[in-house]
Structures are given as C-alpha cells and as structure tokens.
Amino acid sequence: MSRFSKTLVALALTAGMGAATAFEGYPGIGRPATPAEVQAWDIDVRPDFKGLPSGRGTVADGEVLWEAKCASCHGIFGESNEVFTPLIGGTTQEDIRTGRVRALAEGGFPQRTTMMKVPTVSTLFDYIRRAMPWTAPKSLSDDEVYALLAYMLHLAEVVPADFELNERTIREVQERMPNRNGMTTDHGMWPGAPASQGGIGNGGVPDVRNVACMSDCKPAVELVSALPEYARDAHGNLAEQNRVVGPVRGQQTVGEAPAVAPAVAEADSAIKAGYDAARAKGCLACHGLDNRVVGPGFKEVVARHRDRADAAAYLAGKIRSGGSGVWGAVPMPPQGQLTDAEVEAIVNWLLSGAKAP
Amino acid sequence: MTNPAFRPGRIRPAPENFLSEEQIKAVAAGRRDFLRSAFLAAGAAMAAPAAMAAAGRGAGDPAILELPEWSTSLGKPVATNPYGQPSKYEAGLVRRQSPGLTRVPGSSVSFTPLQGLFGIITPSGLHFERHHQGWHDVDPNRHRLMINGMVKTEAVYTMDDLMRLPSVSRIHFIECGANTGMEWGNVAVPTVQYSHGMLSCSEFTGVPLKLILDMCGADYKKGRYILAEGADGSSMTRTIPMEMVESGEVLVAYGQNGEMLRPENGYPLRLVVPGVQGVSWVKWLRRIEVGDMPWGTKDEAVHYIDMMPGGLHRQYTSIQECKSVITSPSGGQILLDKGFHNITGLAWSGRGKIVRVDVSTDGGINWKPARLEEPVLSKALTRFNCDWVWDGKPCILQSRAVDETGYVQPSYGQLRKVRGTASIYHNNAIQSWKVSESGEVGNVQVL
Chain A
0 MSRFSKTLVA LALTAGMGAA TAFEGYPGIG RPATPAEVQA WDIDVRPDFK
50 GLPSGRGTVA DGEVLWEAKC ASCHGIFGES NEVFTPLIGG TTQEDIRTGR
100 VRALAEGGFP QRTTMMKVPT VSTLFDYIRR AMPWTAPKSL SDDEVYALLA
150 YMLHLAEVVP ADFELNERTI REVQERMPNR NGMTTDHGMW PGAPASQGGI
200 GNGGVPDVRN VACMSDCKPA VELVSALPEY ARDAHGNLAE QNRVVGPVRG
250 QQTVGEAPAV APAVAEADSA IKAGYDAARA KGCLACHGLD NRVVGPGFKE
300 VVARHRDRAD AAAYLAGKIR SGGSGVWGAV PMPPQGQLTD AEVEAIVNWL
350 LSGAKAP
Chain B
0 MTNPAFRPGR IRPAPENFLS EEQIKAVAAG RRDFLRSAFL AAGAAMAAPA
50 AMAAAGRGAG DPAILELPEW STSLGKPVAT NPYGQPSKYE AGLVRRQSPG
100 LTRVPGSSVS FTPLQGLFGI ITPSGLHFER HHQGWHDVDP NRHRLMINGM
150 VKTEAVYTMD DLMRLPSVSR IHFIECGANT GMEWGNVAVP TVQYSHGMLS
200 CSEFTGVPLK LILDMCGADY KKGRYILAEG ADGSSMTRTI PMEMVESGEV
250 LVAYGQNGEM LRPENGYPLR LVVPGVQGVS WVKWLRRIEV GDMPWGTKDE
300 AVHYIDMMPG GLHRQYTSIQ ECKSVITSPS GGQILLDKGF HNITGLAWSG
350 RGKIVRVDVS TDGGINWKPA RLEEPVLSKA LTRFNCDWVW DGKPCILQSR
400 AVDETGYVQP SYGQLRKVRG TASIYHNNAI QSWKVSESGE VGNVQVL
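If you read the protein sequences in the order shown, they are chains A and B.
Residue 115 in numbering that gives the first Met the number 0 sits at position 116 of the first sequence, with consecutive numbering throughout.
Residue 225 in numbering that gives the first Met the number 0 sits at position 226 of the second sequence, with consecutive numbering throughout.
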C-alpha cells in the first residue's frame, strides 16, 4: 500500500510532523484506503511516466477509434476549430529535431494548437484517459488511450503510420515532442521553493518593477487602445447590466429598452424538455438550431426527415446509434449518455420544429 | 438640498422637441449614445415632472407627496421565499458569459458583476464560474476524499469525517489566471464584469490540508508537491507546492459565506489555495496525492501556461500578483451628473496584504492615495474609495495598488515590455476608464 521504503518513513518521522501513528490525534476519523480504491482513483501519469499503465495501441487502431469517438468534435485530422481549439497543426520536422516550435516564436499560425504547446507526452496520455471523450470521460480502456494517442502523434508527424505506442515506445516519443524544450519555470509566480533550493521557480522575484510616483509622473497620456464601436454592442445591452439606482446607470447599447417585459407564453413543457435535454447533453455543441456547426443544423434535419412515416423512430435511432454519410464525412458518435426519456423528448422537440422555446 | 426632480443632471431626460439642431444631426448621423440613453432611461423620471405639474409646481416630490403602495397596503408574510432572493430591481446584476469567448458552454466562464458590488464579499450566487467539463450537483454522502502517494497511511475520508475535524474560516479572493486575458493586446470588452469579473472573494470554512496530511503521515521531506484532483468528468488536476500546505493556508473547504459551497463552486468540497490562481482551487475535490515532482497536467502543460516573446512558455505560473481596478465609475456606465462622486474599487495581491491604493483622474500623470476600507486582509479583496468632484470634462480614471512586499501594480507599457501581448494569463496591468463629456465611461488602455 505504502509506496516508499522504511527509510523514507523514518525520515518522515524524524521530520517531526507529529504523526507517529496515523490518525492518532483524531480517533474515529478517516480510515486507510484499500489497494483497490487507490488503484481505481490514482490515474495520473507524470512526466517521468510514473503511473503509466501497461498497454499498447497502433496508429491504425487509433484511426478507427478516432473517427468513431473524437472526430465529431476535433475533426478527422485533429485540425477542427469548430468546437474546441485545434489539436494538431503548426509543428514541423525541424521542431521535432529542436524541441522548440518555431511558429510560436515567429507567429503567423492562426491558433496555438495543443501539439504546438504541449512539452510532455505524458500530459496527453493522462488527459485523454481521465477526461475524454467529452461526454463519456473515463470510458476508454488503456489500450484505446494508447491507440488514440498514437494516431494523434501520427497526425502531427511525430510517429510513422506503422507505429505502435506502448509503455516502452512512449519514452522514445518524448524525445520527439515538438515543444519539449519550450517551457521555462524561471519566473516569480511559483509560490514554492526556488530552483536553487530544489524547487522550480525563481523564489518569487517579480519580472516587472513599477514605482509609486505621485506627481508629474509622465509628460503626457499615451492612449493606445479604446473599445471599438462595433464591440460596444457585442455584450448585450449594458443598461440592463447595471443597477437602476445609484450614481451611475448602464449605457443603452443594443436595441430599444423594453417598456414592459413581454409576457412569455408558457412553452409546451414536453417540447421544452426536449430542447432542455438537447442543450444540457451537449447536442448543441455540434448542431445549431439553424446553422451547421460540426453536424447539420437541427432545422435542416427536421426538414429532411419530417415527412418520413417512421420519422420519430428514425431520428431516435440516429441519436442512439450515431451515423455518418448522411450529412457529410464527419461521423456522429452514439449518444449513449441519453436516457430513453431524453431521446424521446428530443425527437418530439425536433419534430415540433426544433425551435428554442 | 436640491429637489432631485429639478436637479440639472447631464442625462436628465428632455422631451424630444428640446433637442437642438446639432443634437438632432448627431442622432441622425447614427450617434446612438447618451441622447438615446437619456430618452430610454427617462421612463420613470418622466412621470415625476408630469405629476409635479399636476400637483402644483413646487409643491414637492411626488415620491413623498403621493404615498406609494408599500406604505398603504399589507406586505407579504415571512418565509414567502424560504431561500431569500435579491429584489426584482437588482435583476441586471447577474453572472454573464462573454459572447464568442468560448464555443462550448460546458467548458467556459461566467463573470461576476463587479460593477454593482459593494465591500469585499461576493454573494455566493454571483461567484464567477469556470468549469472544464460542466458542473454537477454532487451527492455529499457519496463523495470521498482520498489521500495517497508519499504518506505513511493512504486514507479515505467521508464528508462526515471532514466536517468533524477542527475547522477554520478565512476570507480570501479567488481570481482566474486568465482574468483580464482578453485585454492583453488591446481593449476587447466593454465593462469591468468582462474585463475583471473572473474574480470573487468569500469566507471559506474547512480544514487545513496540513492537518489531514499530518494524520496520514505525509513525507514532508521528499514529498515537496501535492496533486489535487477533482471528481468531475475532467477530474481537473493541478500541482501545488508543499510549502503552501505547510504554512497552514491551504484548506480543504466545504463552507462558503456561512453555508455550504454552491455546486458551481465545488459542492461539497474544494481546495482553497490563497493567493494562487483559481484553477488550483480544485472543485469537487476527490484526491490529494503527495509526490516528489510536479505532474505536468493538461492545465499546466497545454493551458495555464504563459507565452513570452520568443515563444517560450512559462510553466507553473500560479501566484496572482498585485492588482486593482476601479469598479465604479467603470466601462459601460454613464455618470448621472457632474459634481461629487465616490470612486470605488477593489485591490488584491496573492503575496499578502494591500498596503496602499493610489487613484489618478488624469491618466496616470498625478495620483492621490485612496482610503482603504476595513478589513484589510492577506490574500483577500480590499475595498478602496476616493472622493472625486467631476467637473464635467473628459478624464481618465486609474487605480494602482501596492502590496506588503512593496510590489507596485504595473502599467500596460511595463508589462508588455517584458511579457509581450500573447501571454493570455496573468494580466495585472493598471486599468484605465475614460470619462467623456457626456458622462459615458469607456474602456481604454494607457501605456
């Protein structure tokens, strides 16, 4: 259970933290964890690969999984900027050699992709295993995590098409990570010990020094930026975001102030439940009401299928089992997180016209 | 004392036929600022002069002369609202998202309406939100805290266990490392809610993590780092230095402002890491591991890394450096009138107490000290106030905080010189608000 040697325990005891017997000070509180419990939750993988489970996965395995479970949000090539910032792109063979991503220094790449930034391959393994897929985190087996990561690394041209990632080859991959030399901890914003004392920061020394000048501090005011006119309206009506009493009011920025709140007709509750489910369960991340996001807009879907005799059953089946090819190459994964009642509510809402209530 | 109905306010509503030819031209030209505001804000106030005319000019304020319904009828009984709600007139002061900032609402931010808050405590329902994979309302009886790694006894605690332990209550600010991040390169958002609203301050109640690690026999000699992990889908993880835990500051907290944490803020258990950016205050806290090196997690290797000129990223940036902002008058607001105003704002530092805040009304050429309101606490928001008589001329308001280490909040020019404009995180520059002759306040940047 305990991970370190008797020597370390002895050291800990001599450090004088007063825990000669665990739980002594607070009898009846807490209990030892079982090995199975620790194994169930201790899923982190460190940069030195402590915590890495054994397993294996090939690029080819990963490609199949990727298209089923990842492409709908991240794009077939991990390049999509529709739902999340892109994972892949912006790295070169030269970066793989140097360990510094040149595009970060030179700019010109529209987005900083995950692969441009991440210095440690352990980070990707750890994160995919604990948090992906988005709607079903922790559902991947260790082999699946290896395979998906192998495919991602291949998309970034860090590994070849016939590569197998496993607990041994992942160490070689670390030596090819494009931004492995792109980090520094030489700054004053780490609250622990400085590197000179075994820590990682500079001991808290700030990088910018201002002085509290009180008068005639500069010859003139250099105004370099102001809110563009078009950006004033982008956050709604500011008049409605301030108090109605006090020394100030909010500026009227959008539309007319409603004289009286319009009476909102009570939406049919069953229809509204479908909309609410679609919103809460992430459907709107990929489908707009009117517009395409990753998949088709909901109204397009309704328009195409509404007249089928089996429209309700057809749509329910597509939601439950996913599909591809009807609207384009990006597949929709099965939405197993939805209950039957939710699927039914969403279908009813779709067939009612897919409007926001 | 002036009668408010007759007060010569700069946005006092005027009937349309009072417009000068010039003003009509301005409106026709599409300047849709104070004039329209004036008309639309007029609703209630317009009634007053009319009523006064009816009552006989000079008789007095109808708000006094005509008894309102709340003075002449029976009010509602106790417990009408078992959990009390703000007045319906306060409905504008709510958490809001910044349109276009993120594309997935489950991994997004809502901002605290700093423009309307008083004192230093953020009402729990207005505490900013940042979720990495959505939020849940976690069943407290099924929640567990596990301690593992370099400890003598790896252990499990229920909420019952944790709430039996000796507790402390402390007031601390929490600020997202990306607060003001949209403004690194130029002005991008209109109000202080969006520019600084990933900032809140609460009284947190819980158990010092050190007490729990002591119970488990942590190896403080070798185990110089802890990993904190959440129970949500993202199981968010961050590395925290053991020095902070040993100082007794880091809390395993269940209480917030006298009640349990709100679900959006980590119910039933979160880590409190005073002075450090919000991402380290892991919500729905399920596990603490003691180890001998940092973990390089997603939120310390892909996000929450600060890019410097030259393309190098600073990793494990954690401390929120000294910062302040004037919350009123602030961007998107309009002053009712010239004359006396109270400039009010917030100052804070992740390195300790605020010792001083200076305010400038001329864009930073001259400064005068503001009053710091009690209490002034370490790693908590500090409220400052400064008297000001506005003469109706354009001016630029700024605040500049100094903390107990002597660190002075920097200007945009100073900050950009060292860190460029692509860092995203840890923008603690002096904020400028430009007051125009119309009384409108706008977001601007001054070097």
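Note that these hints are calculated values from the structure, not bench results.
Since the model is a prediction, treat every value here as computed from it, not as a measurement.
For each residue, glycine too, the CB sits at the ideal point set by N, CA and C.
You may find that some hints are simply not true.
Which stretches of chain B does chain A cover? Using the computed rule of at least three CB atoms under 8 Å from a CB of chain A, they are [to be verified]: (1) 224-238; (2) 361-370.
One side only, chain A facing chain B, incomplete, derived with CB under 10 Å [said to hold, decoys possible]: (3) P109; (4) R111; (5) D206; (6) C216.
Hints, verified against the model:
1. With 7 residues bearing a CB less than 8 Å from a CB of chain A, the stretch 224-238 of chain B meets the requirement of three and the coverage assertion stands.
2. Counting residues of the stretch 361-370 of chain B whose beta-carbon sits less than 8 Å from any beta-carbon of chain A gives 7, enough to reach three: the coverage restraint holds.
3. The closest approach between the C-beta of A:P109 and any C-beta of chain B is roughly 13 Å, which is over the 10 Å cut-off, so the hint fails.
4. The interface hint given for A:R111 is met, as the beta carbon of that residue sits about 7 Å from the closest beta carbon of chain B, less than 10 Å.
5. The restraint placing A:D206 at the interface with chain B holds, with a minimum CB-CB distance near 5 Å, inside the 10 Å limit.
6. For A:C216, the interface hint holds, since its Cβ comes within 10 Å of a Cβ in chain B; the closest pair sits about 6 Å apart.
Hint violations for this structure: number 3 only, all remaining hints satisfied.
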